[in-house]
Every structure is written in C-alpha cells, then in structure tokens.
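Engineer: Generate the whole structure from the sequences, applying the supplied hints.
There are 2 protein chains.
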Amino acid sequence: MVDVIEIAKSAKDASIELLQVSSDLKNKVLTQIADRLEYYIQDIINANNVDLKNAQELLISGEISQSAYNRLKLDNNKIRDMIQGVRDIVNLPDPVNRTIWSKNIAEGIILKKISCPIGVIGVIFEARPDVISQISSLAIKSSNAVILKGGSEAVETNKTIFNIIKNAISSVNDFPSNAVNIIFSRDDVNKMLTADEYISLIIPRGSNSLVKYIKSNTKIPVLGHADGICHIYVDEFADIDKAVNIIIDAKCQYPSACNSVETVLIHSEIKDILLPVLLNKLKENGVIINSDENIQNEYSEYVNSIADNWHKEYGDKIISLKIVESIDEAINHINKYGSGHTDCIITEKNLNAEKFMMFVDSAGVYHNISTRFADGFRYGFGAEVGISTNKTHARGPVGLDGLTIYKYKLYGNGDIVADFVSGKRTFIK
Amino acid sequence: MVDVIEIAKSAKDASIELLQVSSDLKNKVLTQIADRLEYYIQDIINANNVDLKNAQELLISGEISQSAYNRLKLDNNKIRDMIQGVRDIVNLPDPVNRTIWSKNIAEGIILKKISCPIGVIGVIFEARPDVISQISSLAIKSSNAVILKGGSEAVETNKTIFNIIKNAISSVNDFPSNAVNIIFSRDDVNKMLTADEYISLIIPRGSNSLVKYIKSNTKIPVLGHADGICHIYVDEFADIDKAVNIIIDAKCQYPSACNSVETVLIHSEIKDILLPVLLNKLKENGVIINSDENIQNEYSEYVNSIADNWHKEYGDKIISLKIVESIDEAINHINKYGSGHTDCIITEKNLNAEKFMMFVDSAGVYHNISTRFADGFRYGFGAEVGISTNKTHARGPVGLDGLTIYKYKLYGNGDIVADFVSGKRTFIK
Chain S
4 MVDVIEIAKS AKDASIELLQ VSSDLKNKVL TQIADRLEYY IQDIINANNV DLKNAQELLI
64 SGEISQSAYN RLKLDNNKIR DMIQGVRDIV NLPDPVNRTI WSKNIAEGII LKKISCPIGV
124 IGVIFEARPD VISQISSLAI KSSNAVILKG GSEAVETNKT IFNIIKNAIS SVNDFPSNAV
184 NIIFSRDDVN KMLTADEYIS LIIPRGSNSL VKYIKSNTKI PVLGHADGIC HIYVDEFADI
244 DKAVNIIIDA KCQYPSACNS VETVLIHSEI KDILLPVLLN KLKENGVIIN SDENIQNEYS
304 EYVNSIADNW HKEYGDKIIS LKIVESIDEA INHINKYGSG HTDCIITEKN LNAEKFMMFV
364 DSAGVYHNIS TRFADGFRYG FGAEVGISTN KTHARGPVGL DGLTIYKYKL YGNGDIVADF
424 VSGKRTFIK
Chain P
4 MVDVIEIAKS AKDASIELLQ VSSDLKNKVL TQIADRLEYY IQDIINANNV DLKNAQELLI
64 SGEISQSAYN RLKLDNNKIR DMIQGVRDIV NLPDPVNRTI WSKNIAEGII LKKISCPIGV
124 IGVIFEARPD VISQISSLAI KSSNAVILKG GSEAVETNKT IFNIIKNAIS SVNDFPSNAV
184 NIIFSRDDVN KMLTADEYIS LIIPRGSNSL VKYIKSNTKI PVLGHADGIC HIYVDEFADI
244 DKAVNIIIDA KCQYPSACNS VETVLIHSEI KDILLPVLLN KLKENGVIIN SDENIQNEYS
304 EYVNSIADNW HKEYGDKIIS LKIVESIDEA INHINKYGSG HTDCIITEKN LNAEKFMMFV
364 DSAGVYHNIS TRFADGFRYG FGAEVGISTN KTHARGPVGL DGLTIYKYKL YGNGDIVADF
424 VSGKRTFIK
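If you read the protein sequences in the order shown, they are chains S and P. For the first sequence, our numbering assigns the number 4 to the initial residue and increments by one for each residue that follows. For the second sequence, our numbering assigns the number 4 to the initial residue and increments by one for each residue that follows.
Please note: incorrect hints may appear among the correct ones.
Because identical chains cannot be distinguished in the list, a pair is counted as satisfied if it fits within a single copy or across any two copies.
Below, computed lysine-lysine pairings styled on BS3-like, alpha-carbon distance capped at 30 Å [unchecked claim]:
id, residue 1, residue 2
1, Lys245, Lys274
2, Lys15, Lys315
3, Lys215, Lys320
4, Lys15, Lys215
5, Lys15, Lys222
6, Lys218, Lys15
7, Lys116, Lys106
8, Lys412, Lys432
9, Lys286, Lys245
Since the hints were made in silico from the structure, they are not lab data. A quick note: this is a predicted structure, and the numbers were derived from the prediction, not measured.
Structural biologist: Here is the structure:
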C-alpha cells in the first residue's frame, strides 16, 4: 500500500533539490523520456490494449461514454504526438531562475525579483493517459515535483508510461528521483488533498464534478476550470458571413472541447437576416438547436426544444440560441450565466467590441474570431498546463509560467532598518 | 440585520461597473476620501475614544493585549499618516487596463494580455482601524470591490471611517456606490466565506489562528501569511559586526512585526567569536535568550531557557539561538521550521550567499541585511496590501499588482480554427 503523505513528503524534499537543477540537466532528462517513450511504443500500446479491453465492458454497461473511450485509446499517431510534445518542451526557454526585475531600493541595497518553481504540484486527470508525459515534462522543465493521479480506466497505460519516465529520470545522475510520483485510488486523492504542508498547488483536469469536488475538499490552491460555457454574441453591426463561419467553427470543429461555443446571443435588429442562414448551416452540420420562445415560434422546424438552462455546457453538437435587445443585455447574460472562460462578439463596430471586451468578465474576450482559439499552443505558449477560470495566479490558457512563482533576493552590506527610521538614510523613490 | 450574501452580490455587480471607471474618477474618489478624513478628524478621535474606553476593560480582564490596545489607539499623528497613505495611493500608476504584452499569433490575429481587477475581495483584519482606509483605497485604485470586516474592539472607529468613505464615494457621480462594504460579526464572516460565487479573493490580516481558520473554512483563494518565523544564519565566513548589528535590528527595531527575526543559527566555526559579543548586545537590549544545550552549557548566565519549539513566533523581545555544523544544516533547519517569510544569511563568501538564497524556499532570501526590510514600502511598491507566504498568485510583500489579474483580448477578422487544422493557415512561431 502506498502512503500518500510519505509520497508528498519525499516529493517536497525533491522539490528543494530541484531548486538547483540546471536547464541542461532538465533537458537531458526530458530527452531521455522522449527517447525511451519512442523505444517502448509497443509496450505502451500493449498496456493500452488491456485498458481498452476492460473499458469495452464499461462502455457497454454505460459506465463510460464513447468520447471517454476514445480519449483512452492511444494509437501510434497519438503516441508520436505525445513524444513530440516532450521534445517541444526541451526547446522552450527555462521558466525559472529568471530575473524578472532588479533595482536599487537604497544606496548599496539591490532587490531582485527572481522566478522560481512552486514546489510540489498535484495533478488529477481523467481518461487521457497522454497527460502523464505532458504534465511530467512541464513539471520537470519548471523544476517542480509532481504527484499524478490518472483515471482508473487507464491504469495499465498510466503505469507503463510512468515507469518509462521514472527509468528515464533514474538514468540521469544528480536528478532527484522523487520528482515525479504517481498515486492510483480515489482514497489516495483524498489523502493528497489534506497534504497542504507539502503540496502547493492542485490542478484538476477533467469533468465539472471532479473540479468542484476538489475545490470543496482542500485547503491547497486549485488551478483549473469547472465549466466551459462559451458565448458568441452577434451584434446588430455584425458581418453575417463572419458570424456564421465563426459559430459553425466554434460549435462543430471539436464540440467536446471546453472552448467550443454553447450559447449564441443574437441582437434583435439582425435576427431576420442572420437566422435563416445560421439555422440552415447549423442543421447542415447536424447541430441540435435549442432556443428561446421567439426563435422557436418563428422557426419551429429548426428548433428541437426550448432552452431552459443557460448554465448548461453541452460539450456536444447542441447549441442554445437567444435573442437580446441590446449589447448590454448580452453582456449581462454572459456575466450571469457564463463560466468566465471565453466569449466573443461579432461586430464591425469597434466601439461595441471594446465595450464588450471591457465588461465581459472572462479569461478570454474575443472580437470576430472563433472561441476555439483559446488554447496555450495557439496563443504561442509552446505548451499548455490547462485552462484556468481562476481570478488569481493564472487565468486563461496557462503555459509554463503558470507553474512558477517568484522570490525576492535582497543584497545588502550590513544594512539595518533603524538607519532609515532615524532618517540617517533614505530609500530611493 | 445585514444579509451578507446580498452584500456580496451587490459588490459583485459593483465590480462589473468598476471595470470601466477611469483613473481620473478613481483618483477623484480617493482625494475626496482624504479630504473628508481630514475634515472629520475630531469625529474619528471621538469614536476611537469610545472604543478605547471599552477596550480598557478588556485590557484589565486580559481579553486583549497591551499591543492590541496600542494598535487600536488612533492619535492625530496616526490619522495624519492614514490620510497621507490615501494621498500616496492617488499618485501611484493605475494598475489596471495596462497592456502587459501584445503580439500577432497569426497573420491578422492580435492577442493582448491586459491587466484587470480581480473582482470582489474580502478583507478581514483585527484591531487596527487605520486598515479600513488603506484597504479601501487600494481596492478603489485597482478597481476592485471590497467587503471589510474589522476587529470588534474597533467597531465605533471602523463605522465612523467607513461612513466617511461611503459619503466620499457617493459625492462622486458615476462611481459605483457598492464598491466598498462593511460587515461586523463573526457570523457574517462565516457567511462571507461561503460566497465563492461572488468573492474571488480573501485577505486575512491578523493572528495565525485567524489566518488558519479562514484557510480551513472557504473555497475562495486566500492571500496572506499565517506565521512570520524569520531566521538569520551567521555563516562561518560572516563579518561579526554586520552579524551583530543586523540581528539587533531584526529583533529589536520592532519586535512584534512579522518580519522580525525569531531564530539565529550560528555556524560552529564562528560561535566562539560571535557569541560573547552577540549575547552581551542582546542582553543590553533587553532580549530574552532561549538556546540549544551547547550554548546554554557555555553561556548559562545569558540563557533564559532551552529552546524547545523551533516553530515558535515570539513577536516579542525573545530570541532562539542554535549552533549548526554547516550551511546545509542551516538551510534544512529553515526549510523545515521556517514559515517561508524572510530569511537571511550573514557571510562574506558570495558563493555561500548564493547557495543559501537558492535553497531557502522563502518569499524573501537576504544577504547581509536585516529581515525588517521585508515590506512593500521599503521595496518601493508605494503601498502594501500585506505580506504573502503563498506559493501562488503573489508572494512576499504585495503591492497594488497583487490585487490584479489579467484577461486575454483576441482580435480577428472572421478567423476560424478549421483553417489552421487543415493547414491552410499557420500560426507564427
């Protein structure tokens, strides 16, 4: 039996050792991980086949969804992508031990703000086993220790990938062996959530209920998003073609993504031009349409049912449509029912765009562009830890920087505060 | 009776209105607050006298300490400082709506990272009533709404200052009147801690037990420090004069401050030169000395008792001394028993200083300078929200920036992700 508190404690010790590990050493470990994942591809696929076989029964009994089953499945292409992801992280700049700024606060006293790792991070994720190598690599690059808990359906795949990573770490001298850790059961997660003495951040990646459960059951700061209820507001000054193209992309390009659109708000002045085109396009693309009563009355042949829950994240080819009388009504609706993830205005009037982007209180506020762009890779961060709807620490797509904090280094030469209080010395303004 | 959830809800509404308030308007409100505090000084002193009279009974019965009583007392000088504090905040740069960076992520697609307020912040503080105007002003300057809960001993002073602030806000057109709010009872605090739907950050300023209680009873992120167990390590290569001066300053200049030193670790190679001088100086300054057995055996005339709790924050003229055999032992001791606040090495060997500053996992790591410098004003931040020992969001002395987060604004022209997935378009590397 694993003792999770012991794991957390030795991860904390490893996190102190990690404070001095050089960029070169970290990159050496990452390259070893990539090389070994490549060498053991067949082992990974074999383990994954065991998981898939077990999952098939869960699929039949309805305990897991088809999309969860699909996420569990690792084919050669997915593994290649996973390995390339590790190699890409090698090429990113080291996010720690960077001087953010440096200044003299008084004659002879230098203050430096230096980026540094957070310490120990706990990451809880569901079916996707490729997350293990991604998160381990991001943790290593940012000099954090990590404790991973994967989905139980992926246990064999997770174990295999984890062992490859562990062996890669052991093969490199001077790299702390307890930097990457794994736990398996729900009980272990609950124990981990109590280890606030050792763990400084929890990142849950998965369903709303998972994230909400985590947030309610730990003193440790949690980084993540519970919901992705994204909106597109089609302003009265919208370009119809742009609106339709963007809505179709935002709904259909990958409907289960958290940044896909759930609700479209349409200004009443433009509805008669937009709706005939939009409804047809949505239907063509196999999207089920829920709407307010106005739209249902006028276009009953297109509308499946009355939208009665504006808080709903479909994560599927289903969309809610609603008429609004003003940009203010749209903004209020989004701030009330949205999840603070990503929301977009379609308009040719820049003043309206700026107003929308000022007042919508979301991590991403977009003008004339698909919500599907909300992504660390697309933002050019090179890697993504996840997407955050937090209002502290990190918001929106989180890159390597989100796994860092800073410390202040103060250099003096025997300086005492008493000399400043007495007026003998003064601070630089 | 106040309904705290209603207060939190209207504070949230105010926080949305605050998103568009200009720098000029915010500074106008702040100037009104300062002017009115000045005009009503006598009212504040009268209210404070009522609180002081009530507190005298608590002082006699031992329910509050002399230092809490002193913090409660507002004289003319303290009120002048409080008013100057508000005026100083007027002169600071506006921390929100600042473009942190801006870049093209693909042809025609611009991504901007813009600083913005957090939303609603709950601040819980103990006896010091001057905190009300300080925190209200910082919240206004950073466009956040705030809910304040002061110490019950200061209730009359708090009410008076709060009403002056409220009236100042009402006197300025277009400024949301619910930006600053106050609650009074412990029950109300407990309700506030459940309002995670509306409140995005809690800042407790007060005793360890207050901070620990808050952290254990809310899902809302908490910014603050529970303990200030600061260390000074006197390395074998230390300059004795610097060591003694810095230790005396760090212990005696203001012993109840969280950045005053609690434990001095002394390398065994230097103890015979350092201790005779240091112990005399500490005694001269009225400091009670606890120590390990080695020091007690040799200098029993100086030592009050054996130090048996290295986790202890004295907050008084009491100090713990301990001999260590190496810099590594010192680092390990600090990482084990410290609170991650501020820790200092005294040495003339830069290599040792860098090692210490790398491995000590604290918000402030100092070389040859008093721990008492850990302060937002001394760091040149112009104002201080508090000191944080968090490993996320903000660490160390927190200035106005700690009350901000950011949003991403993405500007396109009808762009869809499908074009990038198909390879028709590419992102800029």
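Engineer: Any of the earlier hints contradicted here, and which numbers?
Structural biologist: Hint check: nothing fails, all pass.
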